[in-house]
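K.L.:
Chains as they are written, first to last, in our numbering: chain A, 1 to 256; chain B, 1 to 256; chain C, 1 to 256.
Simulated from the structure, these hints should not be mistaken for lab results.
Treat the hints with care, as some may be off.
Said to hold, decoys possible - Just the calculated beta-carbon pair ranges, DEER-fashion:
{"hint": "1", "chain 1": "B", "residue 1": "Lys141", "chain 2": "C", "residue 2": "Glu145", "range": "34 to 42 Å"}
{"hint": "2", "chain 1": "B", "residue 1": "Leu139", "chain 2": "C", "residue 2": "Glu145", "range": "31 to 39 Å"}
{"hint": "3", "chain 1": "A", "residue 1": "Ala192", "chain 2": "B", "residue 2": "Ala160", "range": "51 to 59 Å"}
{"hint": "4", "chain 1": "C", "residue 1": "Glu206", "chain 2": "A", "residue 2": "Leu158", "range": "23 to 31 Å"}
{"hint": "5", "chain 1": "B", "residue 1": "Glu217", "chain 2": "A", "residue 2": "Glu206", "range": "27 to 35 Å"}
{"hint": "6", "chain 1": "A", "residue 1": "Arg242", "chain 2": "C", "residue 2": "Glu195", "range": "31 to 39 Å"}
{"hint": "7", "chain 1": "A", "residue 1": "Glu206", "chain 2": "B", "residue 2": "Glu247", "range": "53 to 61 Å"}
{"hint": "8", "chain 1": "C", "residue 1": "Asp102", "chain 2": "B", "residue 2": "Lys164", "range": "29 to 37 Å"}
{"hint": "9", "chain 1": "B", "residue 1": "Asp152", "chain 2": "A", "residue 2": "Leu158", "range": "41 to 49 Å"}
{"hint": "10", "chain 1": "C", "residue 1": "His74", "chain 2": "A", "residue 2": "Gly84", "range": "14 to 22 Å"}
{"hint": "11", "chain 1": "A", "residue 1": "Pro27", "chain 2": "B", "residue 2": "Lys141", "range": "25 to 33 Å"}
{"hint": "12", "chain 1": "B", "residue 1": "Glu169", "chain 2": "A", "residue 2": "Pro27", "range": "50 to 58 Å"}
{"hint": "13", "chain 1": "C", "residue 1": "Ile248", "chain 2": "A", "residue 2": "Ala192", "range": "38 to 46 Å"}
Every residue, glycine too, gets a C-beta built ideally from N, C-alpha and C.
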Amino acid sequence: MITLTTDFGLRDPFVGMMKGVILGINPDARIIDLTHGIAPQDIRGAALAIAEAFRFFPRGTTHVVVVDPGVGTHRRAIAASAHGHRFVAPDNGVLSGVINTDPRARTYHLNQKEFFLDGAGGTFDARDVFAPVAAWLDLGKEFDELGVQISDPHTLELPAPIIKESEIEGQIINIDSFGNAITNVRASDLKAIGEGPFRVRIRDTEAGVVVCYANGECNVLHALINSSGLLELFLDRGSAARSLGLEIGEQVTVTM
Amino acid sequence: MITLTTDFGLRDPFVGMMKGVILGINPDARIIDLTHGIAPQDIRGAALAIAEAFRFFPRGTTHVVVVDPGVGTHRRAIAASAHGHRFVAPDNGVLSGVINTDPRARTYHLNQKEFFLDGAGGTFDARDVFAPVAAWLDLGKEFDELGVQISDPHTLELPAPIIKESEIEGQIINIDSFGNAITNVRASDLKAIGEGPFRVRIRDTEAGVVVCYANGECNVLHALINSSGLLELFLDRGSAARSLGLEIGEQVTVTM
Amino acid sequence: MITLTTDFGLRDPFVGMMKGVILGINPDARIIDLTHGIAPQDIRGAALAIAEAFRFFPRGTTHVVVVDPGVGTHRRAIAASAHGHRFVAPDNGVLSGVINTDPRARTYHLNQKEFFLDGAGGTFDARDVFAPVAAWLDLGKEFDELGVQISDPHTLELPAPIIKESEIEGQIINIDSFGNAITNVRASDLKAIGEGPFRVRIRDTEAGVVVCYANGECNVLHALINSSGLLELFLDRGSAARSLGLEIGEQVTVTM
Numbered sequence: 001m002i003t004l005t006t007d008f009g010l011r012d013p014f015v016g017m018m019k020g021v022i023l024g025i026n027p028d029a030r031i032i033d034l035t036h037g038i039a040p041q042d043i044r045g046a047a048l049a050i051a052e053a054f055r056f057f058p059r060g061t062t063h064v065v066v067v068d069p070g071v072g073t074h075r076r077a078i079a080a081s082a083h084g085h086r087f088v089a090p091d092n093g094v095l096s097g098v099i100n101t102d103p104r105a106r107t108y109h110l111n112q113k114e115f116f117l118d119g120a121g122g123t124f125d126a127r128d129v130f131a132p133v134a135a136w137l138d139l140g141k142e143f144d145e146l147g148v149q150i151s152d153p154h155t156l157e158l159p160a161p162i163i164k165e166s167e168i169e170g171q172i173i174n175i176d177s178f179g180n181a182i183t184n185v186r187a188s189d190l191k192a193i194g195e196g197p198f199r200v201r202i203r204d205t206e207a208g209v210v211v212c213y214a215n216g217e218c219n220v221l222h223a224l225i226n227s228s229g230l231l232e233l234f235l236d237r238g239s240a241a242r243s244l245g246l247e248i249g250e251q252v253t254v255t256m
Numbered sequence: 001m002i003t004l005t006t007d008f009g010l011r012d013p014f015v016g017m018m019k020g021v022i023l024g025i026n027p028d029a030r031i032i033d034l035t036h037g038i039a040p041q042d043i044r045g046a047a048l049a050i051a052e053a054f055r056f057f058p059r060g061t062t063h064v065v066v067v068d069p070g071v072g073t074h075r076r077a078i079a080a081s082a083h084g085h086r087f088v089a090p091d092n093g094v095l096s097g098v099i100n101t102d103p104r105a106r107t108y109h110l111n112q113k114e115f116f117l118d119g120a121g122g123t124f125d126a127r128d129v130f131a132p133v134a135a136w137l138d139l140g141k142e143f144d145e146l147g148v149q150i151s152d153p154h155t156l157e158l159p160a161p162i163i164k165e166s167e168i169e170g171q172i173i174n175i176d177s178f179g180n181a182i183t184n185v186r187a188s189d190l191k192a193i194g195e196g197p198f199r200v201r202i203r204d205t206e207a208g209v210v211v212c213y214a215n216g217e218c219n220v221l222h223a224l225i226n227s228s229g230l231l232e233l234f235l236d237r238g239s240a241a242r243s244l245g246l247e248i249g250e251q252v253t254v255t256m
Numbered sequence: 001m002i003t004l005t006t007d008f009g010l011r012d013p014f015v016g017m018m019k020g021v022i023l024g025i026n027p028d029a030r031i032i033d034l035t036h037g038i039a040p041q042d043i044r045g046a047a048l049a050i051a052e053a054f055r056f057f058p059r060g061t062t063h064v065v066v067v068d069p070g071v072g073t074h075r076r077a078i079a080a081s082a083h084g085h086r087f088v089a090p091d092n093g094v095l096s097g098v099i100n101t102d103p104r105a106r107t108y109h110l111n112q113k114e115f116f117l118d119g120a121g122g123t124f125d126a127r128d129v130f131a132p133v134a135a136w137l138d139l140g141k142e143f144d145e146l147g148v149q150i151s152d153p154h155t156l157e158l159p160a161p162i163i164k165e166s167e168i169e170g171q172i173i174n175i176d177s178f179g180n181a182i183t184n185v186r187a188s189d190l191k192a193i194g195e196g197p198f199r200v201r202i203r204d205t206e207a208g209v210v211v212c213y214a215n216g217e218c219n220v221l222h223a224l225i226n227s228s229g230l231l232e233l234f235l236d237r238g239s240a241a242r243s244l245g246l247e248i249g250e251q252v253t254v255t256m
């Protein structure tokens, strides 16, 4: 099974071409679109998305993650084994959330060009490099047939919340298509400062923590622990992001 | 075969996660996206979409329909057998168009939590409840292994046209991505008032009924019976909805 | 294997219905979305997209291409064999780029209505005609069981660049979702006028040709030969189309 995560959108036939290349090598491959809606060149957004989503797939799945502003430069193409899954991506930090969280992760520089698409150019490595390598991995090729192990993959520091005695300083790390603002504060972080009830503050607005969307009073900002175990700000039947003009990176404070 | 209909959009990895959960239980499942473009929390829009679309799939298909403003509250999760198809959804009326049109429909409250995803929270039942149940149904589990039969599913009154002696009062029930305005008036309703030719009136604009889009004069409002057998207002090579500012719920009158 | 290219978008269940019809006839069909994001009724855009994309799929793939402003009129439904692939489309020029480039291409008028969906109307031939015919072709039906060979398919002149001694006059033929402007000038056209370096001019702006996106200076217009072998204007980490207001059809001049 192969999943695809990119910033290509669905307007152009780019994703379709990747699938054609995979199926040309591996006609029985199962291909699942994870998302092609990562904001253009948002490496951090893609890193957060794949770190969250891979675990819902069976072990052994191969995940292709391509947000690649450096395509065509000397940045390496890499593959990784982590958490029992396989990953293929440019070496720009997009796999940070899966490599950094598994001490037994191994990373490889994909330097065996015979597994790339013939006549590959320099501007569409998703189709010419990452898709065919994923097809070969899914067929059973070993990582060390496709490349050489490396110990210095490029990684990003994904923002962690600052936990004080009775307060947590987190930040917004994503805004979903409903306009909910997802923070980097985990349910376990809340436990570290007490039993609650908690108050969440963003700018001058306070929000109480409830357990489901429908428990929020209409048009009043609330927060809940979402399906990823992360604190999320929402407006029941509205868009918290649009109403408050929330942006990724904004600070959120949790107190008891 | 399993189809998916949601209001999740395709920007976030939510739909991909649902597929991962299904394939973890049922690795050979065929999964077809019906649409993820239902307007956020538009239960009525989803009810109309699934009622129209299910019949183009083979009997025995399992359809997952999730527009779910009440996720995490005490609203039930249900499954239904109707028209030889299977459906899985929140109990909020989203299955009205399939349950109400089959007198032999049976509905079940999904209360057997061992078929849900382990550690399911309260905010993403599409992934944690509906996806795994659909995977099990597609594998051959019986409805009464997954829940108990109920006789009181929540249903919506989908708007019906008012048919008088020589006039029909209908309304716009959907606007598609071409800007065509679809009404609740059926071809059979037209037969009830005569042989035609018919005139369709919306506000102060009149439109004659033609048989295909290309028969409409450029930039003049026309109507036709669409591929679902419903009366539809359109502007050839333009957007009727944008040009006239049409909205769902607006009244449309048909006369001979 | 069957690919789908349409202007239907993904908001409505139209594409899902096509898949249901295909799978009803051919339950084991592999269906790949090439794109549903062709601009509404942009026959030329679809012709360029399929001409570029089909080659990344295995020979024998069946490609359904539906941009069809004439649906319901007397325009023919056609199928074609070209480049070892199969194509199904309305006879409006959308297959020009695949028929015109293979001297051994054969084209057929799809007139055997027993292979259409029962009770087919006149407004949704993608579902009622093209999807079922593609399902039958993929199952092994021969073209001449489905229709009769014709010698006069409707074709479009896809715009070719004008190559002078030391200058090429091309034009923008597509703008992708990153805002890159793709021209009809091929790498081989550049070779015809010299060894370079080349300068690309659009309106009053000049751009040098580099080899990858990251080699463009930030916020300065550059050009490269893209993954399809076509000259493309881009702004590294920006949208060339939005910044300069570029449009399809605009002239681009290449000089040494």
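K.L.:
Against which earlier hints does the structure fall short, listed by number upward?
P.N.:
4, 5, 6, 7, 8, 10, 13
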